[in-house]
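There are 4 protein chains.
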Amino acid sequence: MSDKEMYIQRGFSSRVGFGSRPALLVIDFIKGFTDASCPLGSNLDAEVEATARLLDAFRTGSLPVHFTTTAYDDAMVSAGVFVRKVPSLAQLKPGSPWIEIDERLAPRPGEVVWTKQYASAFFGTSLAAAMTAQRVDTVVVAGCTTSGCVRASAVDSCQHGFRTIVARDCVGDRSAAAHESNLNDLDAKYADVVPLEEIIKAIAG
Amino acid sequence: MSDKEMYIQRGFSSRVGFGSRPALLVIDFIKGFTDASCPLGSNLDAEVEATARLLDAFRTGSLPVHFTTTAYDDAMVSAGVFVRKVPSLAQLKPGSPWIEIDERLAPRPGEVVWTKQYASAFFGTSLAAAMTAQRVDTVVVAGCTTSGCVRASAVDSCQHGFRTIVARDCVGDRSAAAHESNLNDLDAKYADVVPLEEIIKAIAG
Amino acid sequence: MSDKEMYIQRGFSSRVGFGSRPALLVIDFIKGFTDASCPLGSNLDAEVEATARLLDAFRTGSLPVHFTTTAYDDAMVSAGVFVRKVPSLAQLKPGSPWIEIDERLAPRPGEVVWTKQYASAFFGTSLAAAMTAQRVDTVVVAGCTTSGCVRASAVDSCQHGFRTIVARDCVGDRSAAAHESNLNDLDAKYADVVPLEEIIKAIAG
Amino acid sequence: MSDKEMYIQRGFSSRVGFGSRPALLVIDFIKGFTDASCPLGSNLDAEVEATARLLDAFRTGSLPVHFTTTAYDDAMVSAGVFVRKVPSLAQLKPGSPWIEIDERLAPRPGEVVWTKQYASAFFGTSLAAAMTAQRVDTVVVAGCTTSGCVRASAVDSCQHGFRTIVARDCVGDRSAAAHESNLNDLDAKYADVVPLEEIIKAIAG
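Chains as they are written, first to last, in the working numbering: chain Z, 1 to 205; chain U, 1 to 205; chain H, 1 to 205; chain G, 1 to 205.
Copies of the same chain look alike in the list, so a pair counts if it works inside one copy or between any two.
In silico DMTMM-like cross-links for lysine to aspartate or glutamate, where the CA-CA straight-line distance does not exceed 25 Å:
(1) K93 - E103
(2) K31 - D74
(3) K31 - D3
(4) K201 - D45
(5) K201 - D56
(6) K31 - D73
(7) K31 - E5
(8) K4 - D35
(9) K4 - D45
(10) K93 - D74
(11) K93 - D73
(12) K4 - E180
Hints in this document: simulated from the structure, not taken from any laboratory.
Pulled out of the complex, with its shape left as it was, chain Z reads as follows (with noise of 0.2 Å):
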């Protein structure tokens, strides 16, 4: 039996589905992690642009949109122990431009960009307070990488009480077996993976 097999079986995997109000989520797109040269980056060109066409459609739809970039203090006290785990992360400092948002998806008025310090979205940010304010009730998820702030984001989206949506196309990882493998467990247990094309219909349904 597959894992996706006894997931179902065991009475996981069922589909969340959209509510009445989404808003999309994009998670560091920063150049620091869409540009190769960077020690934290890679080449997400394919993400970058589905993740564009998604943001197009909730335009289109006056929808609530939503960015995070990752950033700390220059002495790193904002960063606590995670820096001890991941010393590149001292490459995002205040005026660096990696921690700017990649310009293929550059943000609008009403647009918040988030600055976060950890993997989750919603840790250390009032993100989930807005969304509140908002009426949000589901959660599209864009962004990078997958087996880390997408994946801590999408959790705590679920933890938060949003329905949440993860954009398979636009969102992407440094590891292809490290994307897979956490696209299976948000699917199994937090999130619907669902492909650009369902969602965009979704939106403009």
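Once you have looked at the hints, place chains U, H and G on chain Z.
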């Protein structure tokens, strides 16, 4: 029977005392609050000067220091429902001098300035995580306003597991009545309200 | 100028109003707080009876209802530093009748009783997540005490993105002075303080 | 290049190491998960027995120990949107033996059993506050499942500022592939994955 006696009789108002590693938390001593020409501001010169002395004690002891400011995105999305209640929060926008720390208390390298959107310094920030990573066990609170961000931050400091000390001479408010009432609540339930000189002695000791 | 006028002039004290989906949050109307024979308790009969009427209105409208109690493990580890400040919290142990909801307000199926350890109903519980999943946008607060758990919960309700209404007749305190002062703070900064009859009309409307 | 080499080259996978005050966190070794006759369960005898040894080491050293269980109200309101994704969570109801800690790991006085509703032991509980009050700086994680509650809790432990150590022999999963993949992610980004014997030595030392 006075409220103070009532609380003691009922098993409140005990002393939490200092632990072994205090941090200083300076809440919202930003120009918008310490300059009486801002609708949100008032004259807090005495409290700012007392805080400068407290800051000296922490710096002399090489102890952790944290500051907060309050700021929103231009569209006030990050202000959630709070701005419905307090429309003048819209003064606190990116680029405004109102959100800068009062220059009499200028932060030094290694002292983080946390940007928050709500009353509590711990809500929507990763301040508690940074303090835990610094092995802090005691939070000394200065700042403004006593009935607003100081009250909410001191309650949250207790809730997060830190011994909490409010520096009586270093906190101020727009309303004298609200100032006193909140110090009474805090001292009965969440924090020790302690004069500046006593804190300086404890830090030096 | 009165504090009330000062707040209005400075851009506080606006009305948040009701949204489209209110929930009732009944905070700590437990026997240890509503029975004057407990060191933590006082006579809150009028407030409990007013809350029973409010509860009827929410049940008639099939609207979400949540209760809280406060309770700790026998060793008080889960009380953190809070029990250093308020030693009488040790009354609130598993198995004690003090931690049971007052029988005049008996919860019904589908109404969750959240066990919390601190002042705020939202701290260390997944209440906000449950309300978000229920599509709640407005939290009506009843319970005790005004200067303790009601204050902390109303502030946190605003911080989590919910419009917050404090039911003036349904909240009580050990101290009359602290009661009034906290209602003033709440109404200026975080929540609308509204009489029972007005809330019942809004819920029915 | 292997993923492991890629992570090291890019500045991940550093060692966080032990601090001076470790706590043990035993996640969801409840009968519903350790009894293969429950739809949520599987045979985790080896992991439970290894955890019993780890528990001995912590108890011998008089170090803090915390357990979690997962449980909901009868109406599953407290399960939020999570139960839409994993309908079999409805097995975890008050009064069910499934939510009890496996008797091979019976908690002792002073060891808190936290009831959580979501994957992370830190979400919707005041566990982090209790650990901070206990001066904990290092969290050693055991329990199940590796790809579910262990992963989410270890990420959150790092996010809350604790050095995080996953006890390799003391964590288990329904899926062998998900188990390995999640240990790889954790060791690269959030926690040191360490064999039991090495942890026992560090605790004793």
